[in-house]
Each structure stands twice: as C-alpha cells, then as structure tokens.
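Chains U and B, in that order, give the protein sequences. In this text, residue positions in the first sequence follow our numbering: the first is 1, and each later residue adds one. In this text, residue positions in the second sequence follow our numbering: the first is 1001, and each later residue adds one.
Just so you know, these hints were derived from the structure itself, not from any lab. Do not take every clue at face value.
Claimed, not checked - Which bits of chain B does chain U cover? Going by a derived footprint, with three or more residues having C-beta under 8 Å, they are:
1. 1147–1155
2. 1204–1216
Stated by the list, open to error - Here are some chain B residues pointing at chain U (derived, C-beta under 10 Å):
3. Leu1013
4. Leu1016
5. Tyr1017
6. Gln1105
7. Ile1110
8. Asp1121
9. Thr1141
10. Glu1220
11. Gly1223
12. Phe1226
13. Ala1242
14. Ser1251
15. Gly1252
16. Ser1255
Ideal placement from N, C-alpha and C gives every residue a C-beta, glycine not left out.
Each chain, letter by letter, is given below.
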Amino acid sequence: MRKTTVALATATLLLGFLTACESKSGTDDGAAPAPAASGEPIVVGSTLSLSGAFAATGAIHKITGEAFVERLNAGGGLLGRPVEWVVRDDESDQAKVSTLYEQLISQDKVDLIMGPYATPNILSAMAVAARHNYTMPQHTAVIAPLLTYECQFPAWSIGPTPNEFVPNQLLDAVASLNPAPKKVAILTNQNGSTDFVSYGAGNNKTGAVSITKSRGLDLVLEVRYPPTTTDWAPIAAQVRDAAPDLVINSGLGVDPVNLLQAMAQLKYKPPLMFSLFPAPGPPLGLGPTSEGLMSVSIFEPNQPTLAKLPPVATEIVNDFKTRATAANLPYTVFETQAAASWNAWEILTSGVKAANSVDNKAICDSLHSSGAETTFSGKLTFDPAQNNFWPTTSTIKQIQGGDWVTVWPADRAAAPLKGPTAG
Amino acid sequence: MITVQAALSGLLLGGLYALMAAGVSVTWGVLRVINLALFGMMLISAYLTFAVATAWGVDPLVTLLVTVPAMFVLGGLVQLTFDALKITELNSLLLSFGLLIVIVQAVSNIWSADFQRMAADVNPYATEAVHIGRFVFPAPTLLAFGVAILVIGGAHLLLRRTFAGRAVRAFAEDRTVAATFGIDHRKVGVLLAAVAGAIAAVAGMLFSLGNALTPATAFEWFGTVFAVVILGGVGQVAGTLAAGLLVGLLSGVVSVTLSPAASPFVLFSAIILALLLRPQGLFAVRTVVR
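Given only the sequences and the hints, what does the whole structure look like? Please build it.
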C-alpha cells in the first residue's frame, strides 16, 4: 500500500512537472486577436530551453516570442489569420529537442516551426526540420559550417566563418587604441561554439589562436577549460603571471564574471578583456571590476542606435523591459538575444507573407529569393552557398559607465572604444 | 609558485565541497536515505541569501539567521515524510529527486531561470582576499574553509564525545539493537536530517558569495558532491572533510600543471582507482554496517 502511495505521489509530481513544461501563446493566452484576424489559427511549434543549462537565455526568447506573436495578432495576424505559438520545454536536452520537434510536426501537425535556442539544440531541430522539409528560422547557432540545411535561416549572423570574423573584428578594434595591445592571452571554454571561435572546426582550423599569431601578436598564454570549471583561481593566477595586454575569453554565461572576480582577488585586472558570449547582466553587477569588458553584439538599445531606427524599435524595447520585469528577469534590456529572437520571427513572417502561404517549401524559396525585412538588423539576404548566413552586422560592445555600449565598428558605434587607461 | 597558489586555492574550495557533501554523506550513511533534496535546500538557501541581502542590504552572512532555521525545519520535515512512507534507500533517491525537481522549478518561477548574482555593493567578499606574501586566500573560499573546519570538526566531536553522538553512531551500526537500548530512531533521524538541512543552508550561503546562481546550478553540484561523499566514505563526517580538501587540491594542482580541461579526467580517474582499492572510501575509519 505504501509502495503504491509512493509510486502515485512520484507519478503525480512528474505529471505536474511535465504539464507545466508546455505553454501556449497567442489566441489561447488571453490576448484577444485583432478583429481583422480570423479563421483557423496558423500554429507555430517550437521548443525552448525553459529549464536546464540554457534556461537563462531561453527565458529571453520566450518573452520575445510572446511579445512578437501578441503584436502580430494585434496587427491583424498573418495572412489574415491569428497565429498561435506552441512552445515546449526541451529542458536544454538536445535528445528531447529531436523528439519534441518530431511530435510537433508529425503528431500535432503544426503549420510552421521556429528554431530552439543554443547551437546543439538547433542542430538537433534542424535534422528533424530537414527530414520533413520545414522551414526553420533559428536564433543563434554559431557553427555556421554545420548548418547545411538550405531551409534553416539564421537570425544572428557572424558571417559564414565566425571563427575568422570575430577575432579579426576584435583585433582590428583594439589595434585602433594607442597603445595597441601586443601580448594576448586566450582562455577558451571547451563548449562547441566557443572552442570553434578559438580553434576553428573541420577543415578550417583558423581561429582566435592562429589569427593572433598570424597578426604578429605575442600569444603569452593559452588555456582551455571545461564548461564545468568551478575553480577559477588557477587560471586567474596564470593570467596575472603572463601579464597580457589583452585577454580573449572565448567563454559563455558567467565565465568572464568568474574570471574577473578571481583576478580581482589577486588584486589584478587585465588592461583589456573580451568575452565571447557572456550573460549580459552579471558582469554589470561587478561594478568597476568589469568596466571596459568587451563582447560581441548585434544590438544594444543605446540612444544613438535607437535614434537611427523607426519608433517601433523603441516601443519593442520598452515592451520587452516591461515583460522581462514582470517575469522577474534580472537583466531586462532588449539586446543581442532578444534582437536575434525578434529577427527570427520576422524572417518567418516575411517568408509567409512573400509566399502568401504556409507551404514550407514556398516559404523557403521566397526567403532565398526575396530575403527578409527586420527591425533591428535591416534587410537580410540569404545565400544557400553561405548556409544562409547573411553579411554580418555584428559589433563589439564594451561596458562603459556600468552599461553595455556599442563601440565598434566606428560607423555603428554609440561611443568610442576605450583603452585601459580610460576605464 | 603558481602550483602552490593553485593548491592553496583548491584546498580552500575543498572546504566548500566538504560542506556541500557533509549532509548527503551523513543522511546516506546513518539514515540510509540518499537525500537529493539537500541539493534543493542548498539552492534555496543560496537564492534566499541573494534575495535577502539584495533587498535589505544586509551582509550575506547575516542571512544565515533566516536560512539556517528554515532549512533545519525543512530538512526535518522531509525526513518525517520519509519515515511516514517507510521509504527504502532506492525510493528515497527517486522521491527526493522529484522533490529537487519541484524545488528547482519553484526557484525558477520565483527568481527566473536567468543568472542572479549579488551585486558588488552587497557582497564585498566576492572580490576580496587575504594576502600573505605572494600568496592569496580568496575571501569566499577562505570563509568556506573556516566554516567547514568548524562545522564538520564540531560535528565529528559531537558524534564522538556526546551521548547524542553515540546514539547516532549506534543507530547507524544497528537500528534494532539501538532501539532495544532506548534510542528513538525517529527522533534521532529527524534531528540528524534537520542538522543536514542546516548545513546545506550554510553551504548555499557560502556558494552564493562567490558564484552566480541559476536554478540548474543544483544539478551541476552532483558530480563533485558525490565524488567527495564516496571518497570520504559514506557516513564518515571527518572523511568528508578530508575528501573535500583532497578533491579541491587535486583539481587546483592539475589545472595548472596539466590543464583545467584535464582536471575532471584526473579527478574521476582517481575516484575509480580509489573505489577499486578502498571501496569503503579513502578516509573511512570503518565500514558502516548496512
């Protein structure tokens, strides 16, 4: 009897958990569709990492997607029909991603799909999309050479060779400083995307390490660390002893926070530091310790940047802030991840409008032929020969006065890049 | 020089590992309960530390006044539930894993899945360190080390030198015989689980001093904590401290002499070797009778 009770309690807990893993947006979430939108809803299916390792960023994509769908329905829907977004929690598990996309397409028969978040999950979803010939916009996959399915459309492009573009753009930027850095330390998280930017992949072994050397800079330290690293003190001590002018951290999440904190405990701060894909909020909490930190970005809502965009961009940015605040997100700024998410939805809807249909083949073809208009990255064009990775709009951002500011290239900068003495 | 520094830093971090593992080890060894909910209690305490310190602007250490009693009660309640359900060792793993999932989801709903971290103005410890000559002792891990010595050392003395401690040890050795001598196993069990909860609260607070938090953090602790529990010997309090320090030391030294990437490989290879040579744990004084 007691065994039965335990089994029932466990099953109830699991059932409750699984039920909580699915949510819907659009017509079912209480937001009234616009009068002009009528008929059967167009159903968009996707997964997001709402729990697990990628959940911090998954939450941003969920809020952005909900805001987009609500705005879309308020504006008359898509092809005159309301849009319903079914999003399931893939728990940051790429095995679950495949299963859930298979269910969405084969069983739920969704009309359209949207890609998940994070490169490994996107690669899993892409295989399912390719099998069923679905068009799949995807938010943020970095390893461009692996994204060979012709109907996947990136919403954040660092070009077809990010492993070359990112280091070159950074080193161009810091070369503009006086004095320019000469000694470089490269610290690489062994996650797929970050390792790719440092060391390349497949036949292209170019990356931050080889580019640093080929530009005649002195590579004084090279460290690869596992994603599970918890003890940052040894790495920090190695950096201090190597005394680089520039630290390139091909890192993720809170890696730069942990590194800067460990270095601060040694009473050391590198003159310049760059981190590839940090969570944007935590470094700001470090105060002066993180001042001057650089990273990549496709959008920061700096006033000079917003002034160049239509007013709707400011509306979207403000709406996101309200929603993110309500969702208790600690960092409520509409920046790279949210902009990439917004781009992805605009790619999907541009394709549907151009095809005047929800036929996935027609959508894919129309995106190849007509591209997509986006609010934050302008007109995008897709060349299958480049795996649809459009000419990059990626920039360098820097923490200045406690906020992220776009600083490079100069024609898109909201403020000049600051050197070590200006921090 | 850098190797010595890495060894020192690793030793200090090992104190935190030991604190995180202490409750798991004791409840497993004595109560025969593999209580994964303790990871949830560490998580809740870490978040409460963040929330209370941030909202009220108090020193993070002061938040122990909130988290220790709360987790003491929660730890006891979980054990009462296990007792009421007459749960087996394996079922305790399943049920407490379910409980951990619920806690992680609740934390995610309350504080979001995004990274949370105490700002520099409320957490002065994060970037502080004690400097002795060329050597540096980071404040968060130095505190963890000191607290680990106090808490685990104190627990060890209590178990060895007091009647309650002898009761716990007798209970661990043979429940039936202990009961015939008037030891109320339920009371002892609930008290022990409550103390494990309180230690989890301390570990959670100390973790939050030096780290950003996400709900998934709880799962990231599994590998290291169970490594410490197994190396130290299940149920061996002092062994947990020694194993925690060894794991921290080994990780730190391997990080600088080989590579941080080699650290998990060396650590878990050492654990496999240790299990082959001393399955009862490297630091087990004697095997707990099962």
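We went through each hint and held it up to the structure:
1. Counting residues of the region 1147–1155 of chain B whose C-beta sits closer than 8 Å to any C-beta of chain U gives 0, which falls short of three, so the coverage hint is violated.
2. Requiring three or more residues with a Cβ within less than 8 Å of a Cβ of chain U, the coverage given for the region 1204–1216 of chain B holds, as 6 such residues are present.
3. At a threshold of 10 Å, the smallest CB-CB gap from Leu1013 of chain B to chain U is about 5 Å, leaving the interface hint in force.
4. Taken as an interface hint, Leu1016 of chain B checks out: its beta carbon lies about 9 Å from the nearest beta carbon of chain U, inside 10 Å.
5. With its C-beta approaching chain U no nearer than about 9 Å, Tyr1017 of chain B sits inside the 10 Å limit, and its interface hint holds.
6. At its closest, the beta carbon of Gln1105 of chain B sits 7 Å from a beta carbon of chain U; the interface hint therefore holds under the 10 Å criterion.
7. The restraint placing Ile1110 of chain B at the interface with chain U holds, with a minimum CB-CB distance near 7 Å, inside the 10 Å limit.
8. For Asp1121 of chain B, the interface hint holds, since its Cβ comes within 10 Å of a Cβ in chain U; the closest pair sits about 7 Å apart.
9. The interface hint given for Thr1141 of chain B is met, as the beta carbon of that residue sits about 8 Å from the closest beta carbon of chain U, less than 10 Å.
10. Among the interface hints, the one on Glu1220 of chain B holds; its C-beta lies about 7 Å from the nearest C-beta in chain U, closer than the 10 Å criterion.
11. The restraint placing Gly1223 of chain B at the interface with chain U holds, with a minimum CB-CB distance near 7 Å, inside the 10 Å limit.
12. This hint is violated: Phe1226 of chain B has a C-beta 14 Å from the nearest C-beta of chain U, more than the 10 Å allowed.
13. Checking Ala1242 of chain B against chain U: minimum C-beta separation of about 18 Å lies over 10 Å; hint violated.
14. Here the hint on Ser1251 of chain B is kept, as its CB sits about 6 Å from the closest CB of chain U, short of 10 Å.
15. The closest approach between the C-beta of Gly1252 of chain B and any C-beta of chain U is roughly 5 Å, which is under the 10 Å cut-off, so the hint is satisfied.
16. The beta carbon of Ser1255 of chain B is positioned within 10 Å of a beta carbon in chain U (closest approach about 4 Å), and the interface hint is therefore held.
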